[in-house]
Structure formats: structure tokens, C-alpha cells
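Undergrad: Assembly of the complex is requested from the two constituent chains, each provided in isolation within its own frame, with the hints serving as guidance.
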Amino acid sequence: MTDLPMSLKTSPAMGQWMSFEQQGFVTLRTGKVELGQGILTALAQIAADGLGTDLGRILPQSADTDLSPNEGMTVGSLSVEVSGGSIRLAAAQARAALLRAAAQRLDVPLDRVSSEDGTILKDGEPTGLTFWSLSGDVDWSLPVTGDVAGAPNSLVGSSPPRIDLAAKYTGGGFIHDMVIDGMQHVRILRQPSRLARLVAVDEAFLTRRHPAVSVYRKADFLALIGADEYAVEKAMSEADRFVTWDNGTGRWTPPETAEPEVFVQGDATAGAAEAGSKTFVARYSRPNIAHGSIGPSCALAVYDGDRLTVWCHSQGIFELRAEIARCLSLETSQVRVIHAHGAGCYGHNGADDVGLDAAIVAFAHQGQPVRVQWSRSDELGRGPVGAAMSARIEATLSAEGRISSWNMEVSSASHLQRPGANGYINLTSAEALDPDNAPKLIADLPAMRGGGASRNSVANYDFPQHVTVSLDASSPVRTSSLRSLAANLNVFAIESAMDELADLAGADPLAFRLDHLSDPRARAVLTEVADLAGWTKGELGGDGEGRGIAVARYKNKGCWLAAVADVEVDETVRVKRLWLVCDAGLLINPAGALSQIEGGAIQTTSWTLKEAVPVEDGQIPALDWESYPILRFSELPRIETRFIVNPENPPLGAGEATQGPVAAAIGNAVARALGQRMRDLPLSRDRLMAMLLSD
Amino acid sequence: MISFTLNGKTVQVDRSGDDPLLYALRSDLGRMATRFGCGQEQCGACVVLVSGTPRYSCTLPLSDVEDATVATADGLADNRIGTALIHAFEAENAGQCGFCLSGILMRATALLTEHPAPTDDQIAEALDDHLCRCGAHPGIIKGISRAARTLSEGAR
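If you read the protein sequences in the order shown, they are chains A and B.
Mapping of the first sequence onto the working numbering: position 436 corresponds to residue 436, and the numbering continues sequentially without gaps.
Just so we're on the same page, the working numbering is the position in the second sequence counted from 1, plus 695.
Isolated chain B, as found in the complex (with noise of 0.2 Å):
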């Protein structure tokens, strides 16, 4: 049995420490949040915070994460900062297809826990681990600096 934090809550999962942290996610615990797009750490469908630091879930050794905090997509509307970028993406129709997005997301969630303020540039630079095919681009840079905007007006 390997444990973790997993947004917010103790779980437990039966299952190697060698095997990725995607799939215990997803087959083990029915997180679906978090997405395989390459298995490669080359597209940034699967990433996840780790003690607060973006992974590539689909290579992330298990064994890495045992005892440690993880967030995932899935707990986005529990905190301050993914229930704004939330609501930012639906002012903004951010975002086409969604299958980019959540990966996407846990990089903004970090991205503004360190820089509460981004230009568009620092958002894009911090993004350019991350595809996206639809060309969505532009809205998700806008969402998620208006996810900022108003982190910094509440803030006040």
C-alpha cells in the first residue's frame, strides 16, 4: 500500500511503486481529471502538483509520491486559486476541446501561487511545456490572467 495526500484527503493504493502516478489516479482512485495524451512527458496532458510542483504524472514513478501532497483538476473548485481560474475560463470561453485543460490548469495554479501578477508573456513561457492542438491558446492566456486579476482584487 502506497499513501498520499490526494486533494485534501488520505488515500491508499494498492499497486507498485513503480508504476506511474497517472494510473493510479485513474484506475485505482477514478480520478479522471488528470489525462494520458503521450506517456512521454511531451504534451503536459497529465500534469499534477507535487508538493506544489508541476509533474508529468504518466512517467511519475508511484513510489515518488508516497506520503507527499498531490493535486489534480479533480480538486480545483476546493481551493481559492482553481475556483478563480474556473470562473475566469468560463468569462473568457477559454479553452476548445478541453483535453489540454487540465494539465494546463495545475500549471497556472502554480505559476500564480509564485507570480500572483503574470505578464502574458510569463504565462505563456510558463505554459510552453503544454500543447494544445485546437489553437486555444490565446483565451487560455486570458483566462488565466484574469484568474489573477481577481485573486489580486479579493486579495486587496
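Extracted from the complex, chain A is given alone in its bound form (with noise of 0.2 Å):
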């Protein structure tokens, strides 16, 4: 076999994957982290089931950039493709190795072993022997190549319960839950702007009011400690009284951008000019977004004089080891990064940010453990927000009612400043060491790997495009990739404009897509859910009721998903219901996608009707959950879903499936309703009352 996954080529070995050093349990290992999404519960199936074993026998690891195989980030919903596609086959290769040896040590032919949850049978009788007993016969350097063919699936397209949630909620779990003996609590004094100078600290008020806090300052980077953290916490509260920043006015200048990127399906203007054509122009928009994870940033670290240690939940542990090591001038053979679970991740939040914060301060006092817990503020507001955008779409009707050009603008603050991207470090508390930290060149991810504000920018459809997309860096708000990137507002202006154009034409906005639609999967979803609604041709409401319907490929080569949504208006949008149809091939754990989906269409909802991050004079300011809300749960649509699952079909990751097509639903929706479209995010009330005065 020669199509291994990538993370196969970089770690090859059977022992890298998984190991039986412990009596009766496998360790399982993965380069793939725990963002809530329960992926180790998924991989962990996946082993089960290759050594034809247990679920309760096999214990993942968390990832560490001492001990994992490295897979990369955790990103663009991969992770059951390529970690899971990697164990499936090492898994199915470690048990022929451990039933070889068996067959030797009893010296029979192979077809008269067995195994039975790690117990080996000859001629179906028990031996003694154990996957256990035999480890120590097995080369576990050889290379996984491919050529076994795993146990029958068993576990997977089942639904056990998540193997690491009944412990978070009953006890620990998660960072912020650990504890290092000796360890100091730290808050960080983040800049007020972008590049703001630190002029002063008054450390004789902070002696006299706070006596059990100290202070490390190094350049721009102020940071409190203390053995207790409510006394930081108190100390944090008053920082605006021995703290004095200018807001460094001059010091950020717009980074550079990359080119715009052209992309072009078939003429894209041969229609422009025909007879009896109409024409089309419309600009679609969406805000910077947080990422409100429930738990704060955290991360502990430790420097012991010759290796720093930082645990934290990011994404991307490898990645982030590189940019610390550079930050701090070290080698990067000095740090490790071990990740420790997180509140839910969406995407690049503070996680990478409050793991240099933790090494800085560790750096500075070898030998003492050090824990950074974030503010809510610094969390809605001083890691990177989800990028605002723009999508302008100019169109062409035919006088047979379809559509015969289509031209689409994107303009969009960066997708991608994670650690280490476009050769910058990216990290918040690198540009307060150093304001020259700060990146230099904003460039998308490329279309091949998804695109970042490309993701999703090329409609899924039939008809001519021609598509160009721009960056936009002249904010100094930093921004960087959430759930689904840009496929949010690019799938929101494309289908929000096909159902403006099947109104110019005349057409059921069902009939219409389908019309222009020959992907056999994406149409499947489509009719499926919009037979799933009861969906009635040419009744979509009106009076403060409507409906509407969107779909989707997620990055164009991912996973299907239709949408209907039945929404209430006055003075706010209420989604009423949701109908949701999934394509994402074979289903590992069918639970674990349908929360997925689920939960992604109730952010998403939250999305499109509340969220923007305010933006005053160029920088975001301090919030909470009340200057940021988000849905609640008297405010919750009905949801239904299905999935369409031909097990011939690869698995592919629905995580970020819902971003696009659910927000398209829910504006088409409002627009029924209204009698009037509402195209820039969010349908907020503020939004919705200003548009109803001003007619």
C-alpha cells in the first residue's frame, strides 16, 4: 500500500502509535489533542477495534512533543481522517505481530492463534499467552507499511460514552485543575492596544496594598505572582491604579499582504451582455467573532535550568514549542510542550498565547512552577477574534431564468497568524518582549490545504465564476482562524445570493440550487432535508415568519450539509427550528458527529444572531458576557438532523460542516420574514431596529 496517512510518513514506527508496557492496558499514542470534541474517544475506538480489544483497555495519551508522533495542529476537523486513519492501520498491524509471536512461542501455524480482547486462543482454547506477555517478542521499531488488514469493526459507527467528560465534571481534569507543588499563580497585565508601551509600575503602592504579589517586568510584558491566587486576582483588579501604558501611537504599522488570489471556473463573463439578462450586485458582511470558550486561557510551566516544560491546551504543540524556544532563545530541543484539556476550543484562541505567557514567567525564576489563569476580558478579547470580512457578489440572470456569470469579491482580515506562520512568531505577549515581534506579512493559507479566506469562496455550483480574494490588514485587531474560517461568510453570501437571484428569476430557491447543482452528494442532502422540512414550494412566510434553505461542501472537499431554518421576527430573530442533513461518509462515533453538528448549528445560530467583538478606535475593549452575549438556552432552535451514511464512504470530519450552510438558512429565513434582506452579520436586534426606523 503506497497512500499511507501523512502522519505514517513522519512516524513510522508501530511503537510510536501504541505500546503494552502497562499489565492489561494499551497506551495509546497521538499527535492529535482533546479540544472537547471528544477525538479521543474516537481514536480510542479505532484501536479497540484494530486490536480487536475493549475500549476500556486502551488509555490516549495527551500529546506531548517528548513522547507523540507529530501530526501538526488539531485543525480543519482532519483528525479522524489522518490520526485515526494512522492508528487503524498500526493498530491492525500490532495485533498480526502479537499473533505471530504467539504462533511461534506455541509453535503452530498462524491460523490456528487468536485473539480475544488480548488474550490468545490456539484453536480457540486459552494459552496463558497475553498481547501482554508477547510484547517483548515484537520489533515495535518496524515500520507501520500497511499491508495488514484490520479486525472487523466492531466499536466503530458505536456511541460509548466519552471516556474523559464524568471525570472533568466530578473532579479534575482539566489544566486549570492542576496543581505543581510550590507552584506561584500569575496574572498577566495585558497591553491595552496593540503595541501599547509600559511606562510605569508603581511597585510601592503594589507592596503597601499588596504585600503577598510581586512583579516581573520585562519590556512591555508585566506580570503579577503570588502563592495564592486570590490575592493576584485582587491585586490584577487594581492594576489601573500602579499601572500607567501610552498606547504606543506609531509603533504598529500595517503588515504587508500577500497577492490577491484569482480563482476562475469556466468564462465567467461570456453572459454579462445577452439580451433580456439582469444583473446582480450585492455585498455580504460579518464582524470580527470571539471565540468564548467558558474556561479561560491557562498554562503551567517550570524551568529547570536547562529545559522549560509548559503544559497547555493548544492546538498545535509542536508548532508552538518552535515559537517559544525562539521567543526566549533557546534551543528547541530545551522545551517541551505537553498539552492538558482545555475548556472547548473553536479554533486559534489564547491557547498558544497563554503557554508563552506561562514560559516567560518560568524562564525568569528557574525552579519555580508558575500558573497563568486568563481573565474573561483578555479571553473574549486579547487572543485573536475570528476575522471580519466581506464578500461582494456580482451576477448575471440569463433570460431562461439561470445563472450565466458570477463574480465574487472577498476581502478579509487574516485567517492564519497561528504560531510560526508567514515566518512570524504570532504569539501576543512576543510583541510586548518586542515590539518588532509583531508579524510583517499576513498570507492566506493555501487553496490546496482549504484556503483561509478562499475556504469556500468558489460556490459549489455549476455556473462561471470568477473569484478574487483579498486580504485586508490595516486593523490592528489580531485575528486568526475559527471554527470553519471563512467558509462562514463565504457559504452565507453565496447561498444568501442564490436565493436573492431564484427571487430575480422568478424560482423556488430549492428548485432553483438544483438547477444549478450536479454534485450528486450535495444534492442528495438538499432534497433530503428539504423533505425532512415538509418544504412546500412558494411557502417560505412572510409576516414575521419565514423559512429558508442553504447548502454546502465544507472547503469543497469535505463533508455535505443542507440546511432549513424556520424563523419568528419582531424586534429580534428567534430561530424556531432547524433541519439539518450531513454527508460526512462513514461515522466513526455517531454521537460524537451528531454533537458536532448539533452544537455547531447552536454556535452558529449564536454567531449570526448576537456576536460581534466591538472594535473602538481601532482596538477592542474590555468585555464580558454582557457587552458580548451569546445564545441561551430559552433562546435554543429545535434541531433536527440525519445523516446520510454510505459506509463505503471515507470518514470525513463534520466539526465545521454547519458554520456556513446554517447561518445561509437562518438570513434567508429572515429575509421571508421580513420581506427585506438583512446582509450583514449579526441579524442582531440593534441591526433589525435600525433597518426597520430607516425606512
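Worth flagging that the hints you see were computed from the coordinates, not collected in a lab.
Keep in mind that a hint or two might mislead.
Quick list of in silico lysine-lysine cross-link-like pairs, DSSO-like style, CA-CA up to 27 Å [as the list claims (entries may be wrong)]:
{"id": "1", "chain 1": "A", "residue 1": "218", "chain 2": "A", "residue 2": "440"}
{"id": "2", "chain 1": "A", "residue 1": "9", "chain 2": "A", "residue 2": "557"}
{"id": "3", "chain 1": "A", "residue 1": "234", "chain 2": "A", "residue 2": "218"}
{"id": "4", "chain 1": "B", "residue 1": "837", "chain 2": "A", "residue 2": "576"}
{"id": "5", "chain 1": "A", "residue 1": "278", "chain 2": "A", "residue 2": "610"}
{"id": "6", "chain 1": "B", "residue 1": "837", "chain 2": "A", "residue 2": "610"}
TA: The following block contains the structure:
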């Protein structure tokens, strides 16, 4: 087999993936990290299947730069495909090697031995041998070749309870709960604006008011340190009484941006001037969106004089290790980053930033373990936020009611400023240590890797298209990857325009889409969601009630999802019901996939109706859950989800499938309810009132 | 020294009575199930029961619980309602990242104590001061509803 998963090319040995040194258990190593999405449960299921053991025997380990295969970042809904694919092959080969070792020990042909939950049987009878007693006979340095077929799937497709969850709500389990003997608690005083200058710290005031708290300062980086967490917290709450900043005007200049990218499908200008054709132009936008994890970022670190060990909840521990080393002028080998579970992560949030925070303070205090905890306000506004962007669509409708030209111009802040991206450190405290660390170039993720601003900018329809994607680096607000990246707004724009064009053609929105759509799996999810919702031609609402539909294929190469939304609109928009149909190929863990789809739809509903990070004078002000509200229990839509499952089709990540179609279906439903279209997200009460009053 | 009953056992804490209960639980007593989410009574991650009533431990002065009874999610498995909730949440795969759950489960304990058979709307209303970012709300509601059914079957 030549087509091995990428992870097996960089980490080929069986022993890099699993080991049997703990009697009765299998230590499973993955480079992917638990982000609250249940990935460790899914990967343990795959390993248990491959080895033919009970799920309870598999002990998945958190990723560790010293011990785990380097599988890059846990992003893009690829973990099941990449890490799962590797573990499936590694487990199958491990079981085969153990069975061969058993046959040798028993001196019988291979076909007379088998295994049952890790014990070896000869002709179906117990032998006293186990995977563990045989482990020493196997050469674990041998590469996984992909030649061995796995055990029959027994667990894949089932939904056992999450292996990590109960422990988390009845006790520890999060990085926030880790305690190292003698550790000091740290709060970072963040720069109030990009590259703000730390002018003065009144240490006498601090010593008088907060004797149990000390200060560590380096350039514009300022940390408060103390043995008691609440003592540090109290000192932090008085920061404006002892710290003076100036706003650093003139220090930050917009970075260069890479050249715009152009994507062409067919001859996009051919139909433009035909007789009887109609022209359509509209512009759609979304604001910056906060990640809004319920647990603010946290990290621990200790420096022993030689090596610096950092525990944090980063999506990319190997990338972070490299940038921490660079920032502190250490060798990469001197830094070890160990993943520990954080609260829900939906992209590049403060998890990497807090890792560097802890690293800086620990490095300056040799032998002293430290724990850094971010505030709610910093979590909402000082980590990177999801990028504001806009899309302008100009299209032509032929006399026959078909789209004959389509020109889309996307302009977006960066969706890609992860540690190391474009050659820059991209960590907030790196800029506090030296303003010269601020990135000087913004470039997009290449389209072949799914794109950033270009993600889903080419519509999955048959008409000719000309798409230009430009980056806008004019805002000092730090932006980066948030769940689905630009797919959220690009699909919102495309699917809103499809509805507007359907109106122009006097066609039903469902029929109009199907008229321009040949992708069979896209057609299947679209028609099935219409059936599920009881879509009736011409019955789309009005007078405060509306129904909308939308479809997309995530990244144009991932899973398919179609949505129907029912809304009610008076002074606010309420999403009453959502129907979702997803085709993500084979489902490894159906309950996990369902929670990604439903959870994603609820989060998207929240983005769509409520969320916008305020920007004042180019900076994000202090935020809390009142100034940045999200969807509440009382505002939930009722959701019905169906999967189209063909086990012949390989599994595709479903975690980012809903962000585009759900936003668009809601937008289309609101337009029907109002008889007027809101093209700028969010569809909030303020926006709605402004539009109604301007009539 | 401030003493109170925590999950059925008497505990003593040497800390200012003005400090929030949350820090006594986590820093002094090592009970980690109660979590810091905002420090402003806005998210519900830190909710505990004081004499059966849900309270925000991130702002509640420690002196307010002197000699009172405090229940946290660390002690869920020690009581009938908590055990039913844990089993029901596992059965429904309720929750995604889990950070909001300990506060939600304490709120649910109070709800089921007072209303043994809540409707889904009543559950949603009871949880309205709790934020969940993963969108795990439907499973959480199902989990609480399932626990209520289990408890009523057991009581019969």
C-alpha cells in the first residue's frame, strides 16, 4: 500500500503509536489533542477495533512533544482522517505481529492462533499468553506498512460514553485543575492596545496594598505573581491604580499582504451582455467574532535550568514549542510542550498565547513552577478573534433564468496567524517583549490546504465563476482561525445571493439551486433536508415568519451539509427550528458526529443572531458576557438532524460543516420573514431596529 | 478559621471571610470540580449549592457559608440525584467539553429536588443563567430529563 496517511510518513514505527508496558492496558499515542470534541474517544475506538480489545483497555495519552508522533495541528476537522487512519493501520499491524509471536511461542501455524480482548487462543482455547506477555517478542521499531487488514469493525459506528468527561465534572481533568507543588499563581497585565508601551509600575503602591504579590516586568510584558491565587486576582483588579500605559501610537504599522488570489471556473464573463439578462449586485459582511471558550486560557510551566516544560491546551504543541524557543532564544530541544485539556476550543484562541506567558515567567524564575490564568475579558478580546470580512457578488441572470456570470470579490482580515505562520511568532506576549516581533506579512492558507479567506469562496455550483480573494491588514485587531474560517461568511454570501437570484428569476429557492447543482451528494443532502422539513414550493413565510434553505460542501472537498431554518422576527430574530442533513461518509462515533453538528449549528445560530466583537479606535475594549452576549438555553432552536451514511465512503470530519449553511439558512429565512434582506451579520436586535427605522 | 459542611463533611478554611468561596474550594480544599469562568456571576461555571440553593461561588463571600451546608459537583456521586444525573449524562452523551457541566449539574440537582418531573422548557428556563459555548444544550436537557425519569421510577 503506497497511500499511507501523512502521520505514518513522519512517525512510521508501530511503537510510536502504541505500547503494552502497562499490564492489561494499551498506551495509545496520538499527536492530535482533545479540544472537547471527543477525539480521544474516537481514536481509542479505532485502536480497540484494530487490536480486537475492549475499549476500556485503551489509554489515550495527551500529546507531548517529547513522546507523541508529530501530527501537526488539530485543525480542519481532519483528526479522524489523519490520526485515525494511522492508528487503524498501526493497530491492525500490531495485532498481527502479536499473533505471529504467539504462533512462534506455541510452535503452531499462524491460522491456529487468534486473540480475544488481548488474550491469545489456540484452536479457540486459552493459552495463558496475552498481548502483554508477548509484547517483548515484537520489534516495535518496525514501520507500519499498511499491508495488514484490521479486525472487523465492532466499535466503529457505535457511541460509547466519552472516556474523559465524567471525571471532568466531578473533579479534575482540565489544565485549570493541575497543581504542581509550590507553584505560584500569575496574572498577566495585557497591553490595552496593540503594541502599547508600559510607562511605569508603581511597585511601592503594590507592596503596600498587596504585600503577597510581586511583579515581573520585561519591556512591555508585566506579570503579577503570588502564592495565593485570589491575592493575585485582587491585585490585578486594581491594576489601573499602579500601572501606566501609553497607547503606543505609531509603533504598529499594518503588515504587508500577499497578492490577491484569483480562482476561475469556466468563462465567467460570457453571459454578461446577453439580451434579456438581469444583473445582480450585493455585498455581505461579518464582524470579528470571539471564540468565547467558557474556561479562560490557562497554562503551567517550569524551567529547571536546562529545559523548559510548558503545559497548555494548544491545538499545535510542536509549532508552539518552536516559537517559544525562538522567543526565549532557546534550542527547540530545550522546550517541551505537553497538551492538557482546556475548555472547548473552536480554533486559534488564547491557548498558544497563554503557553508563552507561562514560559516567559517560568524562564525568569528558575526552579519555580508557575500557573497563568487569563481573565474573562482577555479571553474574549486579547486572544486572536475570528476575522471580519466581506464578500461582494455580481452576477448575471439569463433570460432563461439561469446564472450566466458570477463574479465574487472577498476581502478579509487574516484567518491564519497561528504560531510560526508566515515566518512570524504570532504570540501576543512576544510583541510585549519586543514590538519588532509583530508580524510584517499576512498571507492566506494555500487553497489546496483548504484556504483561509478563500475557503468555500468558489461556489459548489455549475455556473462559470471568477473569484478574487484579497487580504485586508488595516486593523490592528489580532485575527486568526475560528471554526470554518471564511467558509462561514463565504457560504452565507453565496447562499444568500442564490436566494436573491432565485427571486429575480421568479423561481423556488430549492428548485433554483438544484437547477445549478450537479454534485450528486450535494443534491442528496439538499433534497433530503427539504423532505425532512416538509419544504413546500412557494410557502416561505412573510409577516414575521420565514423559512430558508442553504447547502455547502465544506472546503469544497469535505463533508456536505444542507440546512432549513424557520424563524420568527419581531424586534429580535428567533430561530425556532433547524433541520440538518449531513453526509460525512462513514461515521466512526455517531453520537460524537451528532454533537459536532448540533453543537456547531447552535454556535452558528449564536454568531448569526448576536455576536460582534466591538472595536473602538481600532482596539477591542474590555469585554464580558453582557457586552458580548451568546445564545442562551431559552433561545435554542429545536433541531432535527439526519446523516446520509454510506459506509463505503471514507469518514470526513463534521466539526465545521454547519457554520456556512446554518448562517445562510437563517439569513434566507429572515429575509422571507421581513420581505427585506439583512446582508450584514449579525442579524442582531440593534441591526434589525436600525433597518426597520430607516424605512 | 471558617468552618462549613462540604459534601457532607465538616471542613475548615484559614482565609479571609471576604474572599470568594471559589478560592477556598479550589486553593485551600483542593476541590477542583467548581470552576472559574468569568468571576462576574455571568456564566454559571462556578455554581454550587449553599443550603440547597444555587449560588455563584466566584463572588460569594466565604463568611456567608460559615456553618452552612455546601454541595459541589465533587460530591455528585455521593447522592441519589447526582448519581442519576451522572448516569443519565453518560447515557445521553450529554456535554461536549464539559467545562460548564459542574455548575449546570448543581443547578440541575436543585431543580430536581424541587421539581421531580420538569418539562424540557422548565429545564431550559432553570439553566438560562448558565452559558455553554459548545452548543451541547440539547444533550444537557435530555440528560436532566432522563435523570428525572430514572429517579421517579426508582421512587415508585
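Undergrad: Holds or violated: residue 234 of chain A with residue 218 of chain A, Cα cutoff 27 Å?
TA: Holds: residue 234 of chain A and residue 218 of chain A sit about 22 Å apart, inside 27 Å.
Undergrad: Measure nothing beyond the straight line between the CA atoms of residue 837 of chain B and residue 576 of chain A; if it is 27 Å or shorter, mark the hint as holding.
TA: It holds: about 18 Å lies between the C-alpha atoms, which stays within 27 Å.
Undergrad: Would the pair residue 837 of chain B and residue 610 of chain A pass a check requiring their Cα atoms to be no farther apart than 27 Å?
TA: Holds. Residue 837 of chain B to residue 610 of chain A sits at ~25 Å (cutoff 27 Å).
Undergrad: Does residue 440 of chain A lie within 27 Å of residue 218 of chain A when you go C-alpha to C-alpha?
TA: Given pair residue 218 of chain A, residue 440 of chain A holds - Cα atoms ~23 Å apart, limit 27 Å.
Undergrad: Residue 278 of chain A and residue 610 of chain A: Cα distance at most 27 Å?
TA: violated, 34 Å
Undergrad: Just to be careful, I want the Cα atoms of residue 9 of chain A and residue 557 of chain A compared with a cutoff of 27 Å; is the pair within it?
TA: The given pair, whose Cα atoms are some 23 Å apart, holds under the 27 Å limit.
Violated hint for the displayed structure: number 5, the only one.
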